[in-house]
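A.B. asks: Sequence lines, in order, name chains A and B.
5 is the number of the first residue of the first sequence in the working numbering; add one for each residue after it.
5 is the number of the first residue of the second sequence in the working numbering; add one for each residue after it.
Treat the hints loosely; a few may be bogus.
Stretch by stretch, here's where chain A covers chain B in the computed footprint (C-beta under 8 Å, at least three residues) [said to hold, decoys possible]:
| no. | region |
| --- | --- |
| 1 | 212-225 |
| 2 | 354-363 |
Below, a sample of chain B positions facing chain A; criterion: calculated Cβ distance under 8 Å [stated by the list, open to error]:
| no. | residue |
| --- | --- |
| 3 | Ile-119 |
| 4 | Tyr-180 |
| 5 | Pro-181 |
| 6 | Gly-404 |
| 7 | Arg-425 |
Hints were generated in silico from the structure; no laboratory data involved.
None of the values given here were measured: they were computed from a predicted structure.
Quick reminder that beta carbons are idealized off the backbone N, C-alpha and C, glycines included.
Number of protein chains: 2
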Amino acid sequence: MNALDESVNRAVPSQPAAAPEEFADRPSLAAGTRSLEGRMLARLLEYLGNPPLEFHLWTGERVAPPGIAPVARVRVSSRATLLGILADPQVRFPDAYSEGRLEIEGDLVQLLETIYHSSRSAPQPSTVRRLAERLRRPHVNTLSGSRDNIHHHYDIGNDFYSLWLGQTMAYTCAYYPAPEATLDEAQAAKMHHVCRKLRLRPGESVAEAGCGWGTLALHMAQHYGVKVRAFNISREQVAFARERAARLGLGSQVEYVLDDYRNISGRYDAFVSVGMLEHVGVDNYEALGGVIARSIGPRGRGLIHSIGRSQSAPLQPWIEKRIFPGAYPPALSEMMRIFEPWEFSVLDVENLRLHYAQTLRHWLELFESASGRVREMFDEKFVRMWRMYLAGSVAGFTTGALQLFQVVFAPRDNNEVPMTREHLYAR
Amino acid sequence: MNALDESVNRAVPSQPAAAPEEFADRPSLAAGTRSLEGRMLARLLEYLGNPPLEFHLWTGERVAPPGIAPVARVRVSSRATLLGILADPQVRFPDAYSEGRLEIEGDLVQLLETIYHSSRSAPQPSTVRRLAERLRRPHVNTLSGSRDNIHHHYDIGNDFYSLWLGQTMAYTCAYYPAPEATLDEAQAAKMHHVCRKLRLRPGESVAEAGCGWGTLALHMAQHYGVKVRAFNISREQVAFARERAARLGLGSQVEYVLDDYRNISGRYDAFVSVGMLEHVGVDNYEALGGVIARSIGPRGRGLIHSIGRSQSAPLQPWIEKRIFPGAYPPALSEMMRIFEPWEFSVLDVENLRLHYAQTLRHWLELFESASGRVREMFDEKFVRMWRMYLAGSVAGFTTGALQLFQVVFAPRDNNEVPMTREHLYAR
Numbered sequence: 005m006n007a008l009d010e011s012v013n014r015a016v017p018s019q020p021a022a023a024p025e026e027f028a029d030r031p032s033l034a035a036g037t038r039s040l041e042g043r044m045l046a047r048l049l050e051y052l053g054n055p056p057l058e059f060h061l062w063t064g065e066r067v068a069p070p071g072i073a074p075v076a077r078v079r080v081s082s083r084a085t086l087l088g089i090l091a092d093p094q095v096r097f098p099d100a101y102s103e104g105r106l107e108i109e110g111d112l113v114q115l116l117e118t119i120y121h122s123s124r125s126a127p128q129p130s131t132v133r134r135l136a137e138r139l140r141r142p143h144v145n146t147l148s149g150s151r152d153n154i155h156h157h158y159d160i161g162n163d164f165y166s167l168w169l170g171q172t173m174a175y176t177c178a179y180y181p182a183p184e185a186t187l188d189e190a191q192a193a194k195m196h197h198v199c200r201k202l203r204l205r206p207g208e209s210v211a212e213a214g215c216g217w218g219t220l221a222l223h224m225a226q227h228y229g230v231k232v233r234a235f236n237i238s239r240e241q242v243a244f245a246r247e248r249a250a251r252l253g254l255g256s257q258v259e260y261v262l263d264d265y266r267n268i269s270g271r272y273d274a275f276v277s278v279g280m281l282e283h284v285g286v287d288n289y290e291a292l293g294g295v296i297a298r299s300i301g302p303r304g305r306g307l308i309h310s311i312g313r314s315q316s317a318p319l320q321p322w323i324e325k326r327i328f329p330g331a332y333p334p335a336l337s338e339m340m341r342i343f344e345p346w347e348f349s350v351l352d353v354e355n356l357r358l359h360y361a362q363t364l365r366h367w368l369e370l371f372e373s374a375s376g377r378v379r380e381m382f383d384e385k386f387v388r389m390w391r392m393y394l395a396g397s398v399a400g401f402t403t404g405a406l407q408l409f410q411v412v413f414a415p416r417d418n419n420e421v422p423m424t425r426e427h428l429y430a431r
Numbered sequence: 005m006n007a008l009d010e011s012v013n014r015a016v017p018s019q020p021a022a023a024p025e026e027f028a029d030r031p032s033l034a035a036g037t038r039s040l041e042g043r044m045l046a047r048l049l050e051y052l053g054n055p056p057l058e059f060h061l062w063t064g065e066r067v068a069p070p071g072i073a074p075v076a077r078v079r080v081s082s083r084a085t086l087l088g089i090l091a092d093p094q095v096r097f098p099d100a101y102s103e104g105r106l107e108i109e110g111d112l113v114q115l116l117e118t119i120y121h122s123s124r125s126a127p128q129p130s131t132v133r134r135l136a137e138r139l140r141r142p143h144v145n146t147l148s149g150s151r152d153n154i155h156h157h158y159d160i161g162n163d164f165y166s167l168w169l170g171q172t173m174a175y176t177c178a179y180y181p182a183p184e185a186t187l188d189e190a191q192a193a194k195m196h197h198v199c200r201k202l203r204l205r206p207g208e209s210v211a212e213a214g215c216g217w218g219t220l221a222l223h224m225a226q227h228y229g230v231k232v233r234a235f236n237i238s239r240e241q242v243a244f245a246r247e248r249a250a251r252l253g254l255g256s257q258v259e260y261v262l263d264d265y266r267n268i269s270g271r272y273d274a275f276v277s278v279g280m281l282e283h284v285g286v287d288n289y290e291a292l293g294g295v296i297a298r299s300i301g302p303r304g305r306g307l308i309h310s311i312g313r314s315q316s317a318p319l320q321p322w323i324e325k326r327i328f329p330g331a332y333p334p335a336l337s338e339m340m341r342i343f344e345p346w347e348f349s350v351l352d353v354e355n356l357r358l359h360y361a362q363t364l365r366h367w368l369e370l371f372e373s374a375s376g377r378v379r380e381m382f383d384e385k386f387v388r389m390w391r392m393y394l395a396g397s398v399a400g401f402t403t404g405a406l407q408l409f410q411v412v413f414a415p416r417d418n419n420e421v422p423m424t425r426e427h428l429y430a431r
């Protein structure tokens, strides 16, 4: 009893725990919710603005906001699972799903969208916020901290990623010139879009920070005739990328360097970074800007592509804990700390939020097709965890909780930039 | 002597005033610079990184950095003028020019570009910075303060502005789809660009904040079939705009309201503001965002077009003092204070810096053609002051000291926004 009261207080700290009598005749509670746990859950749903979800408890009880057709059904297997969720829903709900202590009937993405919408309209009590701030405190991105964090996610195994990233092995937001484009087409279109934004010309040199499995570097070399030095601290990815470059005979045009972006040296015509900024940490943005400034000099240009937010906010804590330690998607105002201390002219910002939702839907589809194989490689828990991560990310982008910013910039007075963006759309 | 030393100390506070002997054999000083004033001026030029300018003093002396071909010649008419410039170059130089105590031979824009570049590379001593901060403290934009500030600039007379703004009377950055576009073509293209970015459809409603002489509102009504309520606190502009709407028979579609943007009421499909933000003041950005949020609701969209900076910095103090009291062009990070507190998704930022340079060149050309008429309406000082302002603004945009940001945004989870920007460039 005490433990339960405490849990509820932590989840809904601005409202004092009510005496059981108070619940009995509250009209917003579903009929038949009689156990204490059921009443607590109903209270949480009410607090979340009564999202259209139905919970089935291990006791056979059903809890749902009255008069609303549910978009999905959640089966909770035990009292301990429910208490965990009540105490810390953002982490314990996806954990319980991963561990099979929670089953979901209906569309997982839609369920998560519903939760995103609800928790947005719910008031954020200050203690919850403080707790969230504490939880968010990301793993520090020192040189060695970055290596640990990156290893956690990207060195799981190239075989695993190749099951669901498509031909390009690009693990970043694609660009869909038309809604019916396939994943591979959209990834190729994204790379062309980036290269056109940078106006790459044959013979130029490019520094790439955070190159993944090396696809963009190869694309730039093959299609735009540039020389690329691409940096990455993931050993597995760099090994994969080097092999690919050698196989394609591009070893002299593309050099993969197993090193941190902070150690980029030399002078280049352009700087590009697609999907690394999420791992940099706001405190390091000004230094990143300094690396770029010295790398491209007064006549260069650059592009940074990153997940972001509509306002400064912590990353969903489960994602930070289980999937991307040390990650933080910045608000645009925060991204400006890269550019403004060095007086870059920000030339173009494009928000590709809905493109990332579509990319993730494609990944999720491929992932589901390969889930048997993933289960063999890892285990069922891993499959469910990654399903939750991919589906939650779709919901993040469709609800605007996550954004995708592609920022083109140049030194302040570089006037050799195109007057209009029409060239990006020329056939 | 004491007064002079003090002036120099104020201009170059980090360096102690040197004894005259020290200058005698410094190689970077031009030969023949022998008077005290000449030595002080050479010192200032050296401090500014020796820009390629030649000064002719009232004594007949010439001061110029050695070995550099000057791009322009500056004739200084008196000791008092020079001392003023040494004490406070940013304000006293353009003042002296306006008052005819300074003559410039050569290209005024090029001269000002040179000064912009030089002062950028010069170190900013902290006392100069503090002084600048104090100078910049803009006239406060309360409701009545805003009226005074706006009256100062925009109520000079519609006749005056019609001499050099072209047919459209649009007093904001134009958009040049091709370099050879005329001013009027580029202003029309700008309005289409804005309307396309907003995806206006017939029958929709638009709130416009700061509508100038009403051109954009008329354009939206005529070409896109929308209803517009346009707000402006300049009495002269609103009277002009109403007359125009009546003449065009658009009185029922376009309503001009003589009121502050803070008093916008009602619900609209879109919000637009072109060239008002410069007069709003950063402290009012969050409130402006609130006005927008309540005006467009959860499914609307909006566009803000404003002069900006590559980093937070005071407006050139002479411009703030003589031309635009209360004005402040924000850095992008500052602009985000409009959007982020209300969780708007920033969809698109386009930098039109070089378009504004071209617009201003066209205005300057028309202004010069009409300078006889302007002299009759006002006086010679007014002509020179406005020439300095327009030429300085060209230089501001070509050197990147000024930027022009066009920002498209929508409520965070409005998914009825176009996936790509291709429609902006469709023929």
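A.B. asks: Determine for every hint whether it applies to the structure shown.
C.D. replies: These are the hints, each one checked on the structure:
no., hint, in the structure
1, 212-225, "violated (count 0)"
2, 354-363, "holds (count 5)"
3, Ile-119, "13 Å, violated"
4, Tyr-180, "6 Å, holds"
5, Pro-181, "6 Å, holds"
6, Gly-404, "3 Å, holds"
7, Arg-425, "7 Å, holds"
In summary, the structure is inconsistent with hints 1, 3 from the numbered list given earlier, while agreeing with the others.
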